[in-house]
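Protein chains in written order, with the numbering used here: chain F, 36 to 326; chain R, 16 to 433; chain Y, 9 to 275.
If you are wondering where the hints come from, they were derived from the structure by calculation, not from laboratory data. Take these hints with a grain of salt, some might be off.
Which residues of chain R face chain F? A partial, calculated answer using Cβ under 8 Å [to be verified]:
hint : residue
1    : R95
2    : I98
3    : A99
4    : A120
5    : V122
6    : Q270
7    : E409
8    : E414
Glycine residues also receive a C-beta, built at the ideal position from the N, C-alpha and C atoms.
Chain by chain, the residues run as shown.
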Amino acid sequence: MKPSRRTDPYWMLLPTLLFLFVFFLFPLGMLIKQSFFSWDLLTDARYVGLANYRALLRSGELLHTFTTTFSMSAAVVLGSMAAGLALALLLDRPGRFAAFLRGAVFSAYVVSWVSVALLFLWLLDADSGIFSGLWRAVCGSRAPNWLGDPALAPWAVAGVSVWKITGYALVLFLSGLQDVPSSVLEAAELDGASPSARFRNVTWPLLRPTTLFVATTSLIASFQLFDVVRVMTQGGPVRSTTVFVYAVYEQLFLDLRVGRASAEAVVFFAILLLLTGAQFVLFRSQETEAA
Amino acid sequence: MIPRREFLRASALAAAGLVGACATDAVPEGRTPVSLWFSYGGTNREVLEGLVRRFNARQSRDYVQAVYQGDYFEGLAKLRTAIAAGCAPTLSHVLGEVVPYLANANVLEPLGDYPGVRELDLIPELGQERSWLSGGARPLVALPFNRSTPIAYLNGDLFAQTGLRAPRDWAELRSVAERLSVPRTRFGFGCPINWWFWVALVGQAGGTVVAADGRVSLGDEAGVLALSLWQELVRDGFMKPPPGRDYNAWEQCNQDFLSGRAAMIWSSTAFLKYLEAHARFRVVAAPLPAGRKRAVPTGGTFWIVLRGAASEQKAAAVRFLRFMNEPEQVIEWSTRTGYIPVTRAAVKELERRGYYADHPNDAVALEQLSVAEPWPWSVDLFRLQREIVQPRLESAVLEGRDARDVLREARALALEPT
Amino acid sequence: MMRRAVLALVALIWLFPYLWMGLTSLKPLDEIIHSPTALLPLHPSFDAYRDVFRTLPLARYFLNTSVMALSIAALQIALALPAGYALAKLRFRGKRLAFALIVATLLVPAQVRFVPVFLMLARAHLVNTLSGLILPFGVSALGTFLVRQALLNVPDSQIEAARIDGASELYIVYRLMAPLLTPTLVSLFLFSFISHWNDYFWPLVLTTDEHARTLPLAIALLREQGSGVRWHIVMAGNVILSLPALAVFAAAQRHLLRAVTERGFGG
Numbered sequence: 036m037k038p039s040r041r042t043d044p045y046w047m048l049l050p051t052l053l054f055l056f057v058f059f060l061f062p063l064g065m066l067i068k069q070s071f072f073s074w075d076l077l078t079d080a081r082y083v084g085l086a087n088y089r090a091l092l093r094s095g096e097l098l099h100t101f102t103t104t105f106s107m108s109a110a111v112v113l114g115s116m117a118a119g120l121a122l123a124l125l126l127d128r129p130g131r132f133a134a135f136l137r138g139a140v141f142s143a144y145v146v147s148w149v150s151v152a153l154l155f156l157w158l159l160d161a162d163s164g165i166f167s168g169l170w171r172a173v174c175g176s177r178a179p180n181w182l183g184d185p186a187l188a189p190w191a192v193a194g195v196s197v198w199k200i201t202g203y204a205l206v207l208f209l210s211g212l213q214d215v216p217s218s219v220l221e222a223a224e225l226d227g228a229s230p231s232a233r234f235r236n237v238t239w240p241l242l243r244p245t246t247l248f249v250a251t252t253s254l255i256a257s258f259q260l261f262d263v264v265r266v267m268t269q270g271g272p273v274r275s276t277t278v279f280v281y282a283v284y285e286q287l288f289l290d291l292r293v294g295r296a297s298a299e300a301v302v303f304f305a306i307l308l309l310l311t312g313a314q315f316v317l318f319r320s321q322e323t324e325a326a
Numbered sequence: 016m017i018p019r020r021e022f023l024r025a026s027a028l029a030a031a032g033l034v035g036a037c038a039t040d041a042v043p044e045g046r047t048p049v050s051l052w053f054s055y056g057g058t059n060r061e062v063l064e065g066l067v068r069r070f071n072a073r074q075s076r077d078y079v080q081a082v083y084q085g086d087y088f089e090g091l092a093k094l095r096t097a098i099a100a101g102c103a104p105t106l107s108h109v110l111g112e113v114v115p116y117l118a119n120a121n122v123l124e125p126l127g128d129y130p131g132v133r134e135l136d137l138i139p140e141l142g143q144e145r146s147w148l149s150g151g152a153r154p155l156v157a158l159p160f161n162r163s164t165p166i167a168y169l170n171g172d173l174f175a176q177t178g179l180r181a182p183r184d185w186a187e188l189r190s191v192a193e194r195l196s197v198p199r200t201r202f203g204f205g206c207p208i209n210w211w212f213w214v215a216l217v218g219q220a221g222g223t224v225v226a227a228d229g230r231v232s233l234g235d236e237a238g239v240l241a242l243s244l245w246q247e248l249v250r251d252g253f254m255k256p257p258p259g260r261d262y263n264a265w266e267q268c269n270q271d272f273l274s275g276r277a278a279m280i281w282s283s284t285a286f287l288k289y290l291e292a293h294a295r296f297r298v299v300a301a302p303l304p305a306g307r308k309r310a311v312p313t314g315g316t317f318w319i320v321l322r323g324a325a326s327e328q329k330a331a332a333v334r335f336l337r338f339m340n341e342p343e344q345v346i347e348w349s350t351r352t353g354y355i356p357v358t359r360a361a362v363k364e365l366e367r368r369g370y371y372a373d374h375p376n377d378a379v380a381l382e383q384l385s386v387a388e389p390w391p392w393s394v395d396l397f398r399l400q401r402e403i404v405q406p407r408l409e410s411a412v413l414e415g416r417d418a419r420d421v422l423r424e425a426r427a428l429a430l431e432p433t
Numbered sequence: 009m010m011r012r013a014v015l016a017l018v019a020l021i022w023l024f025p026y027l028w029m030g031l032t033s034l035k036p037l038d039e040i041i042h043s044p045t046a047l048l049p050l051h052p053s054f055d056a057y058r059d060v061f062r063t064l065p066l067a068r069y070f071l072n073t074s075v076m077a078l079s080i081a082a083l084q085i086a087l088a089l090p091a092g093y094a095l096a097k098l099r100f101r102g103k104r105l106a107f108a109l110i111v112a113t114l115l116v117p118a119q120v121r122f123v124p125v126f127l128m129l130a131r132a133h134l135v136n137t138l139s140g141l142i143l144p145f146g147v148s149a150l151g152t153f154l155v156r157q158a159l160l161n162v163p164d165s166q167i168e169a170a171r172i173d174g175a176s177e178l179y180i181v182y183r184l185m186a187p188l189l190t191p192t193l194v195s196l197f198l199f200s201f202i203s204h205w206n207d208y209f210w211p212l213v214l215t216t217d218e219h220a221r222t223l224p225l226a227i228a229l230l231r232e233q234g235s236g237v238r239w240h241i242v243m244a245g246n247v248i249l250s251l252p253a254l255a256v257f258a259a260a261q262r263h264l265l266r267a268v269t270e271r272g273f274g275g
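Could you build all of it, start to finish, from the sequences and the hints given here?
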């Protein structure tokens with residue numbers, strides 16, 4: 036439609052675009068610029084070219100952060116999706132109890148990460164936590180140090196994250212399951228197909244778009260984990276849970292290296308860009324396939 | 016729907032506008048406000064807040080507002096970014112290792128010329144004068160606040176049962192730890208894998224972290240010996256390396272001690288009162304053993320006044336600091352927390368009252384001051400500690416990397432420009 | 009039978025943690041130290057809650073957090089409406105560019121932009137202020153798209169009729185279109201409100217005292233180091249922190265669920 040006055044669309048968009056420019060695009064530019072300097076906020080900045088990037092690569096920090104982030108994210112995504120799908124299948128039924136459980140699982144998604152992190156910090160306490168207590172009761176030996184063992188900590192944190200975000204996958208899968216026509220399922224049942232065969236041949240293929248969506252959005256979201264790491268392990272022990280955002284935060288606020296932090300953030304952004312691009316391409320092909 | 020939304024937005028923006036910039040509030044009329052950022056939790060926090068209230072109640076010129084900022088590292092992070100953002104408090108306290116850096120960045124107010132400061136009869140080992148090499152030659156920018164040395168805590172009951180006494184050197188440390196270790200039940204020794212304790216060991220082995228010529232030596236051979244001692248004790252099963260990072264590890268170590276899982280630990284004198292209060296056995300404090308000699312670093316924090324604050328506020332901050340250094344306050348602080356009293360007058364008074372006779376544990380850290388080693392006045396000390404050495408200590412002990420390699424790597428990194 | 013067991017397990021996994029949190033908050037310190045895994049408190053007490061209320065200016069934190077979250081959600085909707093409308097209904101030069109710009113910002117998450125944004129706000133003296141907490145989130149690109157999406161379904165004839173009656177575009181956007189979008193707007197509002205209420209990262213970076221500090225941050229600070237973590241107090245604080253989110257959830261479950269699925273399939 037033509038606007039009533041020619042300038043209408045512009046002032047309608049102006050606040051939005053202004054905000055976005057000031058708080059998104061301009062900072063991105065500043066970030067890139069700062070990554071070429073060495074600066075500790077208190078003294079003057081010094082131009083160092085690509086030194087920050089080189090230092091990140093050489094010290095192995097970039098690789099370490101990337102593998103830590105990626106492996107934790109993969110665990111979180113796979114875990115929450117598997118649990119979400121299983122729960123969706125289990126709870127996709129009428130009745131108050133099922134509804135109550137759906138609510139319970141989703142409620143974990145609604146509370147803050149801080150709540151969940153503090154809660155599990157207590158539950159996973161090596162000596163006084165209930166998990167350790169259970170372990171001692173069942174296995175009789177000293178419980179593993181869930182959050183203090185560098186080999187266990189990332190999985191513990193990932194596990195906590197799965198607990199929190201399974202609700203997200205659950206809701207989306209439930210919604211996707213609504214799209215599976217019950218007539219087809221009934222027909223398959225009449226043909227004598229077992230429940231697992233029904234799932235494999237009817238439900239699962241029809242859930243593909245949902246699955247893809249949940250996978251990619253969860254992956255992108257889990258790449259941005261921060262709160263749970265900050266509250267539970269502060270990136271430790273021995274940096275085994277230092278994910279990207281935490282690494283940038285630490286570089287900036289605890290080590291006061293603005294340049295290095297910016298360089299790491301730029302790399303992080305590039306990776307996110309790639310992931311988002313991949314999601315976009317995947318969806319394009321999904322849509323054209325469906326069409 | 017719409018009117019409500021517009022109303023919400025309008026009132027929200029108004030509320031946001033009302034709340035304004037970096038100002039602080041609730042200061043009584045006519046008083047100079049002093050914002051104090053501190054990093055204690057638990058009992059220490061209560062004591063500090065109590066002393067602040069006492070100051071505010073006893074005079075009507077100044078008003079100190081104390082704000083909690085998290086642990087030392089979180090607090091330091093907040094402080095530095097606040098300085099950069101122009102939003103810094105007037106007064107705070109920081110770890111000794113970071114004072115040279117802040118002084119060099121020109122953000123600390125020199126205190127020597129303020130009335131009454133030079134007259135404070137601070138114990139030299141705890142003041143700027145002897146806490147750093149040639150500390151006395153520089154402008155006075157730091158006053159001791161909660162100062163400590165590492166000490167050993169022994170499970171008095173266990174030691175009495177086995178007839179053992181506090182180890183006096185490394186060999187005894189090992190044999191006592193071995194005697195007290197019971198597989199799968201108890202470790203003879205526990206110690207946080209932390210820079211502070213490692214520096215103590217380096218000193219005991221006869222080395223220094225930074226050589227006299229300024230080279231970052233990390234103790235050279237002494238550094239390796241120090242780290243290897245830990246590795247051997249852990250490998251042989253006599254020592255439990257507590258998990259967790261920074262002060263989580265210290266806390267864990269304390270819990271191990273309290274629950275009887277570690278018969279003897281190294282920790283700070285700062286936890287003396289806490290451990291005595293919560294242990295179900297007799298707690299005996301002892302000095303650290305000697306390697307080639309006895310040596311301990313000092314720890315804890317110093318008061319600093321930020322240069323960027325307004326002059327009246329800085330003057331008020333100094334008045335508060337003088338109050339905190341009066342014997343009454345020094346005694347209250349140290350007897351309730353376990354930190355070392357920082358003025359000679361306070362120590363004399365405590366001795367006069369027979370306090371140390373009744374509380375021998377409190378005397379341990381004080382006695383160790385005679386073998387306290389100063390820190391190098393190095394701008395990079397903090398960075399060295401946190402970024403370079405600490406993670407490598409952890410990986411050497413918790414992941415078994417070779418001590419020599421790890422320290423060599425650290426030394427090389429220390430040479431690189433930031 | 010098997011199904012019952014699995015359902016019970018699910019209930020246990022997702023409900024027990026909350027229960028444990030509540031039980032812990034009612035135990036005295038002594039029991040926490042000496043019998044932490046005992047199920048029920050021997051001498052339940054509200055001391056932990058008293059302690060939390062005594063040491064923290066909870067009302068202030070509550071207010072800060074609520075004002076911040078409300079303002080962000082309200083601001084986002086207020087700006088998304090005209091922008092979404094322009095993108096959905098109006099023809100003008102540069103439309104494609106505007107659209108692309110908004111899409112581009114979807115790719116710049118808070119954690120990437122926080123370094124420069126913090127520095128910018130510092131220079132503008134907005135550190136440790138509510139404005140500093142609100143402004144960076146004033147616009148939601150996703151919200152704009154959802155509004156646009158929803159508006160595409162509104163027939164042009166309605167707008168033309170309103171124009172003929174002499175209505176200004178502003179009137180059309182806020183008084184005609186908005187009511188039509190109520191379900192979308194409510195979901196958007198709730199979702200934004202809750203996620204910003206829960207935000208920890210940005211307040212951590214930006215605030216330094218109770219002036220602008222938010223509740224999640226304050227409760228996280230309860231985890232005090234150095235002289236023994238007092239879990240009953242931390243859990244009491246945690247209960248206080250979780251209740252509002254759970255309350256909103258209980259009251260508005262449908263809308264929240266729709267918010268999640270709509271983001272999924274909206275566009």
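Hint check results:
| no. | hint | result |
| --- | --- | --- |
| 1 | R95 | holds (6 Å) |
| 2 | I98 | holds (6 Å) |
| 3 | A99 | holds (4 Å) |
| 4 | A120 | holds (4 Å) |
| 5 | V122 | holds (6 Å) |
| 6 | Q270 | holds (6 Å) |
| 7 | E409 | holds (5 Å) |
| 8 | E414 | holds (7 Å) |
Hint compliance for this structure: every hint is met.
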